[in-house]
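Protein chains: 2
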Amino acid sequence: MDRSVMRTIKLSKVFTLLEPGPVVLVTTHDGKRSNVMTISWTMVLDFTPRFAITTGALNYSYRALRRTRECVIAIPTVDLLDIVVGVGTCSGADTDKFAKFGLTALPGKVVNAPLIKECLTNIECRVVEIIRRYDIVVLDAVAAHQSASRKERRTLHAVGDGTFTVDGRRLDRRRQMKGKIPAGV
Amino acid sequence: MDRSVMRTIKLSKVFTLLEPGPVVLVTTHDGKRSNVMTISWTMVLDFTPRFAITTGALNYSYRALRRTRECVIAIPTVDLLDIVVGVGTCSGADTDKFAKFGLTALPGKVVNAPLIKECLTNIECRVVEIIRRYDIVVLDAVAAHQSASRKERRTLHAVGDGTFTVDGRRLDRRRQMKGKIPAGV
Chain A
1 MDRSVMRTIK LSKVFTLLEP GPVVLVTTHD GKRSNVMTIS WTMVLDFTPR
51 FAITTGALNY SYRALRRTRE CVIAIPTVDL LDIVVGVGTC SGADTDKFAK
101 FGLTALPGKV VNAPLIKECL TNIECRVVEI IRRYDIVVLD AVAAHQSASR
151 KERRTLHAVG DGTFTVDGRR LDRRRQMKGK IPAGV
Chain B
1 MDRSVMRTIK LSKVFTLLEP GPVVLVTTHD GKRSNVMTIS WTMVLDFTPR
51 FAITTGALNY SYRALRRTRE CVIAIPTVDL LDIVVGVGTC SGADTDKFAK
101 FGLTALPGKV VNAPLIKECL TNIECRVVEI IRRYDIVVLD AVAAHQSASR
151 KERRTLHAVG DGTFTVDGRR LDRRRQMKGK IPAGV
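Residue numbers (the numbering used here), protein chains in the order written: chain A, 1 to 185; chain B, 1 to 185.
The hints are simulated quantities; they were obtained by calculation from the structure and are not laboratory data. None of these values were measured; they are calculated from a predicted model. Misleading hints may appear alongside valid ones.
Where chains are identical, the list cannot tell them apart; a pair therefore holds if satisfied intra-copy or between any two copies.
To be verified - Below, computed lysine-lysine pairings styled on BS3-like, alpha-carbon distance capped at 30 Å:
id, residue 1, residue 2
1, K100, K10
2, K32, K151
3, K100, K178
4, K178, K109
5, K178, K13
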């Protein structure tokens with residue numbers, strides 16, 4: 001099993017994966033085993049691409065993030081909703097979540113945290129800084145991959161009350177925004 | 001014209017307005033006049049509710065944000081897409097955007113930045129801190145209001161390439177997430 005099921009995404013386009021605000025899975029590898037958490041508190045910081053994610057300091061994945069200073073942001077689609085909810089409601093402290101939820105770990109190109117084969121997109125990230133007073137983790141994307149064959153591409157948006165909104169239709173304002181779209185998008 | 005067209009939202013629920021990642025309009029008032037910018041780089045930081053938004057230091061609104069330390073985050077719906085794009089592609093330096101786009105400013109309850117009558121939701125915010133090295137503005141919501149009568153409630157998600165995704169259907173996993181949903185939501 002390798003990454004050949006995925007095609008490379010240019011780094012200049014990667015901010016467009018998180019800008020719409022999808023719920024994501026974040027993987028870590030602490031040297032012994034892989035873990036994964038569900039996160040919806042994410043933000044683009046720059047087109048370079050640089051992101052911020054927020055996670056509680058009590059989160060089990062947080063330790064691996066702090067120690068290894070790397071992770072993968074994997075973007076699931078609507079068909080994975082029950083896995084997203086399952087991953088978000090148990091802890092890596094006592095659960096092998098990859099095994100429990102039937103997720104397939106694929107080796108990344110740059111980082112040791114695994115890609116998730118079942119997800120639409122995987123973004124390999126390095127930690128730039130952790131702003132402890134808000135538990136904001138600043139990340140630089142260093143590689144990104146997208147499933148070549150996946151038909152379902154609608155992502156999920158967590159509302160925070162236990163409901164999720166699914167992507168609906170796409171509206172095009174490229175012509176009107178021409179001057180505002182960065183090069184390489 | 002007053003706020004009576006809107007009903008108050010409990011602060012404990014306000015994080016659910018931004019958690020799904022909608023594109024927002026952010027208003028400021030510099031003491032002389034009101035301004036508004038389009039932002040899609042936002043993140044929930046805490047349920048209290050506390051948010052982060054990111055905006056370029058060159059942005060005209062940034063000055064008013066730094067000086068007055070308050071703003072309103074207004075959430076537009078799909079019928080306002082062309083206003084969202086228009087506001088995002090001109091500058092308050094040379095344009096009265098409220099006048100140009102026919103937006104109606106309503107007085108806030110706590111802050112001097114105006115609410116936008118045409119938006120679904122308006123969140124009054126105070127600046128907690130500006131993290132200059134990333135241009136992250138940390139905000140605490142101090143009051144929030146939602147249109148009582150508005151039929152259209154679907155929000156927009158900016159992709160960043162000039163296209164926007166509209167909210168599709170809503171999926172319910174409240175039962176499965178019961179233990180994870182904070183009190184008061």
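Item to complete: Please name the hints from earlier in the document that this structure breaks, with their numbers sorted from lowest to highest.
Response: 1, 2, 4
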